[in-house]
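Sequential numbering from 239 applies to the first sequence in this note's numbering.
There could be a bad hint or two in this list.
As the list claims (entries may be wrong) - Computed cross-link-like contacts, DSBU-like style, restricted to lysine-lysine with a CA-CA straight-line distance of at most 30 Å:
#, residue 1, residue 2
1, Lys-610, Lys-541
2, Lys-336, Lys-450
3, Lys-243, Lys-425
4, Lys-528, Lys-483
5, Lys-286, Lys-304
6, Lys-425, Lys-541
7, Lys-583, Lys-528
Please keep in mind that the hints were generated in silico from the structure rather than gathered at the bench.
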Amino acid sequence: MLDLKFIRENSEIVKEAIQNKGEDADLDLLFKRDEVRRQLLKEVENLKRVRNQTSEQIAQLKKDKKDASKLMAEMKEVSHRISELDSELREVEAELEKILLTVPNIPHPSVPIGAGEEDNVVIREWGELPHLDFTPRPHWELGEMLNILDLARAVKLAGSGFVMTIGRGALLERALINFMLDIHTRKHGYCEVLPPILSGRASMVSTGQLPKLEYDMYVVEKDDLFLIPTAEVPLTNLHRDEILKAEELPLYYTAFTPCFRRESGSYGKDTRGLMRVHEFNKVELVKFVKPQSSHQELESLVKDAEEILQLLGLPYRVRVLCTGDLSFAASKCYDLEVYAAGVDKYLEVSSCSNYEDFQARRANIRCRPLPKAKPEFVHTLNGSGVALPRTLIAIIENFQTERGTIIVPEVLRPYMGNLDEIGPEG
RNA sequence: GGAGAGGUGGCCGAGUUGGCUUAAGGCAGCUGCCUGCUAAGCAGUUGUCCCGUUAAAUCGGGACCCCGGGUUCGAAUCCCGGCCUCUCCGCCA
């Protein structure tokens, strides 16, 4: 969330951000509530001061064995009034908080203005598209043929929208996970975490999934727990309510987790095979950094994710999201889209965002710039490094042969007992 | 799941007959002084949030002893609910 004072003093900027992001937040109501709040606060704090002072007098009188009943009677009135005002205040503050949570982050000046996906801008491309001199098969066909995907049985287990790798497919997926984690931990300096994949409500609010996206989450109602939609949630909440030391920044974390999304609004399009699923595996990257370096850190975060695709030999493009496609909490975001030959599409495998202090304020993550200085909010960033299913699609489809086999990318072979080709079983 | 104990400041740790206790004491940190030696001694200082004030440093006030309610003129201290931690037992991977 944004700082209330900032909103008050920069209402035009905030209004513009709300409009450019296509959000809907009632600033005028916010200001009205804020006004009421400060009025109430003034009144109630005055009364509390009186009460504190008088209570001391009463204590003194009692100590001197003098009569304090008159003051006590007076204070009874005052206390009554205080509790009335306090409960009014609580109401107003709850309303204020509710509105505040609907105000989106402000897009970074470098973000292109636009309405939706079609206005995103490709900023670079890497690799050559595979030229196959036969009609490439989609991954679901190859998956069935080679017995590395078992989509029908996954549906039997959990219903439509759930998928499953099996045999050498599962091995391939596990190899990818280990490969990615190894690169990020050993080469890029991230600390590996294996976090809980259920998360409490407070964590979901901090990172901005709630309240807006509650309907997209899987909920364990009995315990008010949510299945995480991304490891961004546990990783970012790692330092919730903490004051970090400046010298320990930047902090880099990476985690492999399953991710759960109800994908409630999406029917039909691009849902075949592994393209859009309710549960998928992902390696996530999260950074906590000093405010002044966050946009630089975003660039290097993107590079860290890109390197995975480069090492795998998968062609991709990087797009910067326009204001209309930028998520609620983000200041700036790059999407990595890998090309897959079978479906002949670019598929999003990573979304790398700088949230600046938007999540940090919700999650109350601060750092002390200098030993005695006032704590300030850190900046948080995250990105996939990268999501598994669509990367699998690209590998299966781009590296297929006319014979219907799949050449295993070299970097993965050490993780797969040096298997170099997935062919018919036998 | 059953029985018991407990949750206090950066950390350790007092405070449980309600009232100068935001909070003793210790450690750590910072600032002076002293000391010539990988260290010690002496003195001072040290949290966070909010409202108001100041050009600013500041100053005034309020809140915070796990969280939320309650009793009371007044609660870290009493009562109720919740969360969490520890010990023992049971159950299970």
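Against the structure, the hints:
Between Lys-610 and Lys-541 the CA atoms are separated by roughly 35 Å; this puts the pair beyond 30 Å, and the hint is violated. Taking the CA atoms of Lys-336 and Lys-450, the gap is about 11 Å. The hint holds against a cut of 30 Å. Pair hint Lys-243 plus Lys-425 does not hold up; C-alpha atoms about 41 Å apart against a cutoff of 30 Å. The suggested pairing of Lys-528 with Lys-483 holds, with an alpha-carbon distance near 10 Å, which does not exceed 30 Å.
Proposed proximity of Lys-286 and Lys-304 is supported: the alpha carbons are some 24 Å apart, at most 30 Å. In summary, the hint linking Lys-425 to Lys-541 is supported, as the alpha carbons are separated by about 12 Å, within the 30 Å threshold. Distance check on the hinted pair: Lys-583 and Lys-528 sit about 37 Å apart at the alpha-carbon level, beyond 30 Å; violated.
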